[in-house]
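*Asks:* Protein chains in written order, with this note's numbering: chain C, 428 to 839; chain B, 709 to 1084.
Possibly wrong hints are sitting among the right ones.
If we take Cβ atoms under 7 Å as the criterion, some of the chain B residues that face chain C in the derived model are [claimed, not checked]:
{"no.": "1", "residue": "Ser710"}
{"no.": "2", "residue": "Pro711"}
{"no.": "3", "residue": "Trp753"}
{"no.": "4", "residue": "Pro891"}
{"no.": "5", "residue": "Arg892"}
To be clear, the hints were calculated from the coordinates, so they are not data collected in a lab. Positions of the beta carbon are idealized from the N, C-alpha and C atoms, including for glycine.
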Amino acid sequence: MPVRFLIAGLVIYILASRFVLRRIKGVWREATFALLNMAGYYGLFVHGRDGRYGAVLTVYVPLICVQYAALRLFADGKGWKPLLAFFTPILALAFVRYVPASFYAGFKGSMRATLLKDPGFSIAPYFVGLSYLAFRASHLVLEVRNGVVAKPGFWSYLGFCMFAPTMAVGPINSFSNFRRGFDVAPPGIPIGRAMLRVLVGAVKFLFLGSFLNQITYSGLLLDDHLHHWIDLPVAAVCYYLYLYCNFSGFCDMAVGVAGLAGIPVPENFQEPFAARNVKDFWNRWHITLSQYMRDVVFSPLSKVLARQFGPANVNHAVALTIAVVFLLVGVWHGVGWNYAAFGGAHALGMVVNHYYAVGLKRWLGWEGFKAYNANRLIHAAAVAVTFSYVAASLFLFANTFSEMRTIFSVLR
Amino acid sequence: MSPAFSSPKQAGEFALLLLAILLLPALASTAWLPPREQIYSSVPWMRGPYPYLHQQIFEEKADIDIAFAGSSFIWFGIDTPYVQQELSVKLGRQAVVRSINWPFPGFDALYFIAQDLLQNRKVRMLVIYDDYLGRDTPEYREQDAPHSMSPRLFRFADNSEVLAGMPIQSKAAYYFGAVLGMPRNLLSLCRTNLEADLSSANRAYWENTYNASDPAKRLGSMYARLGFDADRYNPKFTEYTPHAAAQSSDACVFSPATKALFRFQGHPTPVSQLQFARKITKLAKKHGTKVVWLHLPVIGEMGSSVIEEREFWPDALHADLMMAGIPPARFFQGMTAEDARKLFFISNHLNQNGQKYFTPLITPTLLELYDAPFKP
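So here's chain B without its partners, still in its complex pose (with noise of 0.2 Å):
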């Protein structure tokens, strides 16, 4: 068998390159880096609508209202075009909301975007929802890892103090990932990305596996029409509105004359997760942004008379946090079992009738949290 390395010097190089790699990110200052807005302009339509996202924090310059941040489960959950319209009634101009979403959830990954949009973009509320370790599905609740998105987003020389107080494993996860995010940003470097064509986005993508239309379209919102199935994407849809239905007054706020409505598990957020949730308050904090916490529906909690939540958020994340939510026997009340899987295309995810039923049921509690006192 021959050996790793033909000489001393041949393991000495390949050592030095090691290094070298290793150290990029923490060698790399900002003036070494691009422009943030080049991560978004740069990702695959696959991975998610960031070329839109880029056009959003980076090319729009107008006040936003209403943001909806977070991962999927927020971006098939809100009809933000009609949003958008009732705000705009109610305020008498146009208003200006909008859906900044991606796939997978994590609170790092909804840090990362949301001070890129708070750094330039005025938001007045921001409405995120991103509990990723999904209330049935046990098995995530531990999961700490970094989201997929991390090794763009992040940057050490960006945001290498969100490391600070992190387990080891997390800090060497975020660095790892900043280090193959590397790359692109020294190809970035070389010549600037050309500037991202929302017209050329791959619409068969969207088309091919949600059935739905172009989010840049629908003000970054998205609709699924999806049939429900547990394991895999159905297309067989079929339209559907409840009859014995909810009623907008079911929607509640989180306070002392509602509190029975919910409840709180005890479940801990995962550190790093946590560590990052914290620092989103603290930004919007910093902004003057409202941040509403939104209790979006789940299949498994039907029959349940509370929203229920990991946390009280609140606490946890040290936070002046408003929560809104719909109790879950009021939101599926006098549906049947196969009724309610008519409203989500997966177990947490709601298709186009339950983005449709859910949303006109939501928005007066948040046109209220609209107008309510901002406390910093």
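One chain only, chain C, in its complex shape (with noise of 0.2 Å):
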């Protein structure tokens, strides 16, 4: 889409979403909100693009529809009913990423032509933010369970499932947290600062990553030459400063877009180079990721863990708790076993710091443990190592293992 088209698209969303949630009232503000939500996601995601994107559209809004009964019907239910609700976006998450798609081929003829063509094809790609929706949905049903907010509306639900600035990549916003934008009262957002968000994501979004990617595993590595050895840690280093561009500097026009609209959505990176370990390193790098594992994954099962394990042994529950989690942040990232890898090197560095900080309390004691993490000595060396660490583990989740292979037979 040329780029005047994509600048004036946006600012009428972002007009008309303002002129939605401040001039109309009750159903047809939720109403016509979801609405809108649904032409920004076609502009962006289906406009122009190959036809399978529209085609998935259809499918998007049923599967969106089949969701909110769930939640409707199970989501405040007792015993098992609100793990139904909770379980149907994510089991449509995995149904689609997971089930090739000879599965499906049969029953669409044009399917088996381009399964005859491309047999690796898969039909995840085409729903664009079904993981990050999964997120949201799932949560919700948690928020209704816990008394956090009432049971939502169809067009209320729909506008906060397809809704278009934090579609793609997050951050991943709470419902409660989402209808601050729609209060009587909602929180000022400084009309500059959102704009410099914007601005600021695109230069790193564009500008940054582009410059750095030249200059990553595929930019540098995987160019079929023969490489000195020092291209691999130049190419790790790089590739996690592009990370950061890419992944932070796209959340960054999410937020500013989502902020100008009119809706608050949470932080998802805080100085993440600046982490002294792979735990601190996570509650500053997809913080949003990482707060709905927390809540999510790791206190019900630590919990549950902590009770089978007993009392003597509750670290080492926390310890597994921390790797079930990280394999399962490996394995949302993509498929493939480079990603559970990826997952399982960071339940390693996380589990590893666990029993470290464990060990240290018991050597030090309380006052010697402040003061060594007090000591500006060792938190530069706890960042290095920490920025080394991610650094190397980036590698896993870049890198099929086939170029893998690829690149450490080019390396001399």
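Assembling the complex is the task here: the two chains are given apart, and the hints tell you how they should meet.
*Replies:* Have a look at this one:
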């Protein structure tokens, strides 16, 4: 899409959103806002692209309807019923991502023709934002079950699910935070601040990311040529920096546009390069994912395992929970064993950090532990080690196993 | 919502970082940049046969009799080993004929690569064709965008003078391309690229994509054993030789006697591309190299009795340029539309059938032009 049309579309979306939120009342506001965001989704992710994106949209809306029905019927039920509502969006995600396209090729002649041309074809990329939708929708079930919010109406739910600015890469916004934009006294979001976020995000995403990508794995090492071994750490560092610019840049734009439209969105990054250990890293990188996994997996699972293991082994219960959480984080990122390995690397880092902290507290005592954390030299070393560990772990994230073999084969 | 920067100091640091990156090409003198040969030895094979071009431009030293330079139109159009063989017979010695080609058209890429070629090897005749705006794709006629390889090929310190006279958008596009090229340049400052090994070329790429052999084994040219499909590569190739075919005498060179066989559309070439095209002819003149503009056939001109070109290139390029081609009605004579499609794999790229048919028709004319006196 030409840039001028994109900018014009964004301006229209922002102005229309502000008008709808401030000037229209009742169910008309909810319905108009939902339709506005569906139009935004269409403009951003369907218009001018492969026809399959449009075809998938006809599945997306019924899917949201099914999720809504599950929410209405089961979210505030007793026993196992809320789990049904919770897992409906998760199962939809798992189905789209992991079931091979050949499974449903029999139903559509055109799909069969597509698979004959490209046996590795996957339909998952055409469901733009499905994983983030699954997180938002499942988290809403928890909020309803815990009494944080009332069950929403259909249009309110549709507008929340299809909120265009955060559809593709988040941040993962809770329904309760999202609805603050609809309050009688919504949070004041300075327009200048939001516009600067969009501008800075665009610079990071479009310019700095592209600049750094010239010497990442794909830009440097996977070029069919031999390389000095030093190119591997260069690519590793540049990939980490590129991923930050790319991901946080897009999130900056999403946060900024959402803010201009009148909807508050939580932050997703907080100086991740300053992390002093892997645990701190995940409090600074993709923060909303960390919070989701903490609320949805870590908290309940750690309680269950702690009861099972007993008080004497609570540290092991926590360690096991951490490992499960990060394996899930890994496989959520993509289909492939390399993603599981990436999750495993972070699980290892988290578990080591967990036991290291436990050991230090026992060895140094509480005051000694505080002094250790305050030591600037130790802090600097910890930050450097964490940066290196994360950069190295992203080697697993960025490359398939075949690409990893290729990279090692060209190093001299 | 958090502000974009936690403090004015952080905002200042961000601005300084951006400024430093943006100024890199302008600040980097030639001494800071690695030798130009490192550009070619670091490009992936999938982006083009640049390691082969590296060998031809920087390693091989013998004079080149004829160089076919340009993008995929001419890359797939000429059977270079055939031309070399014919020229060798004519000269009574081993001739040196090479295809210096790459994917995607653009006079800018042609200029940068021709510049490197002519600075390193003496070339007697340069045969070019790169009207990327494609006579059958009107939506591309007005595009004036840099070549996809310009971040590598254009280095501000080497060629800043080419930006003079360009529209501001073109200057910005090339400059930003140079900014994107700086990471690889700066990395090459720290260590040299390891030597590109032609034998380690990713041959599967050529076989899988074009059903062709490694161009390094065919003096740079490539054939495509692909059938015709307007939208994608069609592996169903059928060998075909036209029967009621054209003769080599049907090929012609533009002159007052043959001007009725040519027509010039008058669609102006985009400004920056035209600027590069003029620089190519000026460069060739400086190096004593003859330039021939070779018209390559496309399916869309079947039935036309004239060779159609966008512009009258000698005037447009301000150069004494020879233009040669085969009138389409003669090239396609005796063929049905279905027969004609057997010579192409997409509407403006000859496949192996077309290359084998076209090359012997045009070669005698090219050999005559090789002998023609060079007018500086």
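*Asks:* Against this structure, judge whether each hint is valid.
*Replies:* Now the hints, each set against the structure:
Interface hint at Ser710 of chain B: satisfied, since its Cβ lies 5 Å from the closest Cβ of chain C, which is below the 7 Å cut-off. A cut of 7 Å between beta carbons decides the hint on Pro711 of chain B: the least distance to chain C is about 5 Å, and the hint holds. Annotation: interface hint on Trp753 of chain B holds; nearest CB of chain C at approximately 5 Å, less than 7 Å. With its C-beta approaching chain C no nearer than about 4 Å, Pro891 of chain B sits inside the 7 Å limit, and its interface hint holds.
Annotation: interface hint on Arg892 of chain B holds; nearest CB of chain C at approximately 6 Å, less than 7 Å.
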